[in-house]
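K.L.:
Next come the chains, spelled out residue by residue.
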Amino acid sequence: MTQASRTSTGQALPLPEGIQGIVADWSSDQRAFKNVPWGKAMMWIFLLSDTFIFSSFLISYMTVRMSTTDPWPNPSEVFGLELFGKSIPLLLIAIMTFVLISSSGTMAMAVKFGYEKNRKMTFILLLCTAALGATFVGMQAFEWTKLIVHEGIRPWGNPLGAAQFGAAFFMITGFHGTHVSIGVIFLLIVATKVIRGDLDHERPGFMTGRKGKYEIVEIMGLYWHFVDLVWVFIFAVFYLW
Amino acid sequence: MAHAEAQQHPVAAHAEGQQHPIGIYLKIWGLLFVLSTASYLVDYFHFHGYLRWFLIIVFMLLKAGLIVAVFMHMLWERLAMVYAILVPTLLLMVLLGIGALEADYTFFTRGVFFLKGLF
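Residue numbers (our numbering), protein chains in the order written: chain A, 1 to 241; chain F, 1 to 119.
Extracted from the complex, chain A is given alone in its bound form (with noise of 0.2 Å):
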């Protein structure tokens, strides 16, 4: 059986840019993603809807929060750290908050030596942020373990206030700590790709007839970085409000 030979899909006329670029990407009956990858444009859809799902719970957690008439407990008190002796407001949430972007930063790089080729460093670096990754999900393990097991602290009630709290706090950090530990057995499994050379011999992947290519380690580096972004806002507005 032959197979009918591709024909190149390579620009004819030079892509508009600007908003007559956008109206023309649009209307050029095909794909509407020029010069992207077909899984990467998929990543980014997916990624659109989970910003609505975290969006949905950070803003539910607003309005409880705005229309609870008990107090809100301090969560600068209750996420402390005895250090010393000396309690210091934050201290574990602060090191998680640096851990993650550690983690982004070292994805990145994965991402510019896998397009270079350079299997040794990207599998290095892909790691490196597993490990990140694997800390982060172990320390809030610490911070869930200290709330439930010392403080008291449930979903539908807690001695130190609002019995919101543990409702929000446990949905809104469960559901991105689930993110983060689906995170790393994803990177796991892409640096296996990577250190085996599928993406170099461009064998298919699991479950797919696509030829393997190292813009999969762009792809992962996406899902990563949204979770590391899903993170800056769950600091901001749950732990600094």
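Source of the hints: derived by calculation from the structure; they are not laboratory data.
Keep in mind that a hint or two might mislead.
SDA-like mimics (lysine to any residue), calculated; alpha carbons at most 20 Å apart, straight line [claimed, not checked]:
| # | chain 1 | residue 1 | chain 2 | residue 2 |
| --- | --- | --- | --- | --- |
| 1 | A | K117 | F | Q19 |
| 2 | F | K27 | A | K34 |
| 3 | A | K146 | A | L83 |
| 4 | A | K117 | A | P37 |
| 5 | A | K117 | F | Q18 |
| 6 | A | K34 | F | L86 |
| 7 | F | K27 | A | V99 |
| 8 | A | K211 | A | S28 |
| 9 | A | K34 | F | Q19 |
| 10 | A | K117 | F | P21 |
| 11 | A | K34 | A | L48 |
| 12 | A | K34 | F | M81 |
| 13 | A | K211 | A | T192 |
| 14 | A | K34 | F | P21 |
The hints should help you fit chain F onto chain A, whose structure is shown.
P.N.:
Then chain F, alone, in the frame of chain A:
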């Protein structure tokens, strides 16, 4: 050598896309650290009221912007893509407004209800 390679595969070099010098990632990484420290200090020095809110929101949006623009390469995407992702996100402002209105109303009715219980 890189130049020679680019000449050999002009199409391939273009298709690979999103190759930027490592310096830009390191600089943004550093900036994110500075901004995170700054937002942590807002809490540490117990700023209150509108100043606190202003600083928190500004640092939050700056960090989010840097991550999306540079780490997620939005800066170098075509506008059709950028608008498809960012414009729907703006709709969330409507939900935010509805949430705030609803919360104020609920707070008010709770206030009335609990006040009545006192007498």
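K.L.:
Each hint should be assessed against the structure and marked as holding or not.
P.N.:
Do the hints match the structure? See the list:
Between K117/A and Q19/F, the direct Cα distance comes to roughly 11 Å. Compliance with the 20 Å bound is thereby established for this hinted pair. Restraint check: the Cα-Cα separation between K27/F and K34/A comes to about 29 Å, which exceeds 20 Å; the hinted pair is violated. Between K146/A and L83/A, the direct Cα distance comes to roughly 15 Å. Compliance with the 20 Å bound is thereby established for this hinted pair. Using a Cα cut-off of 20 Å, the hinted pair K117/A and P37/A holds, with the two alpha carbons roughly 17 Å apart.
Taken as a hint, the K117/A and Q18/F pair is honoured in the structure, with Cα atoms around 13 Å apart against an allowance of 20 Å. With a C-alpha separation of about 17 Å, the suggested pair K34/A and L86/F falls inside the 20 Å cut-off, and the hint holds. The hinted pair formed by K27/F and V99/A meets the criterion: a straight-line CA distance of about 17 Å does not exceed 20 Å. Only pairs whose Cα atoms come within 20 Å are accepted, and K211/A paired with S28/A is rejected, the gap being roughly 26 Å.
For the given pair, K34/A sits about 17 Å from Q19/F by alpha-carbon distance, which is consistent with the 20 Å threshold. Pair hint K117/A plus P21/F holds up; C-alpha atoms about 15 Å apart against a cutoff of 20 Å. Distance hint between K34/A and L48/A is fulfilled; the C-alpha atoms sit about 19 Å from each other, no more than 20 Å. For the given pair, K34/A sits about 8 Å from M81/F by alpha-carbon distance, which is consistent with the 20 Å threshold.
Among the hinted pairs, K211/A with T192/A is consistent with the structure: their alpha-carbon atoms are about 16 Å apart, no more than 20 Å. Distance restraint check for K34/A and P21/F: the Cα-Cα separation of roughly 23 Å exceeds the 20 Å cut-off, and the hinted pair is therefore not satisfied.
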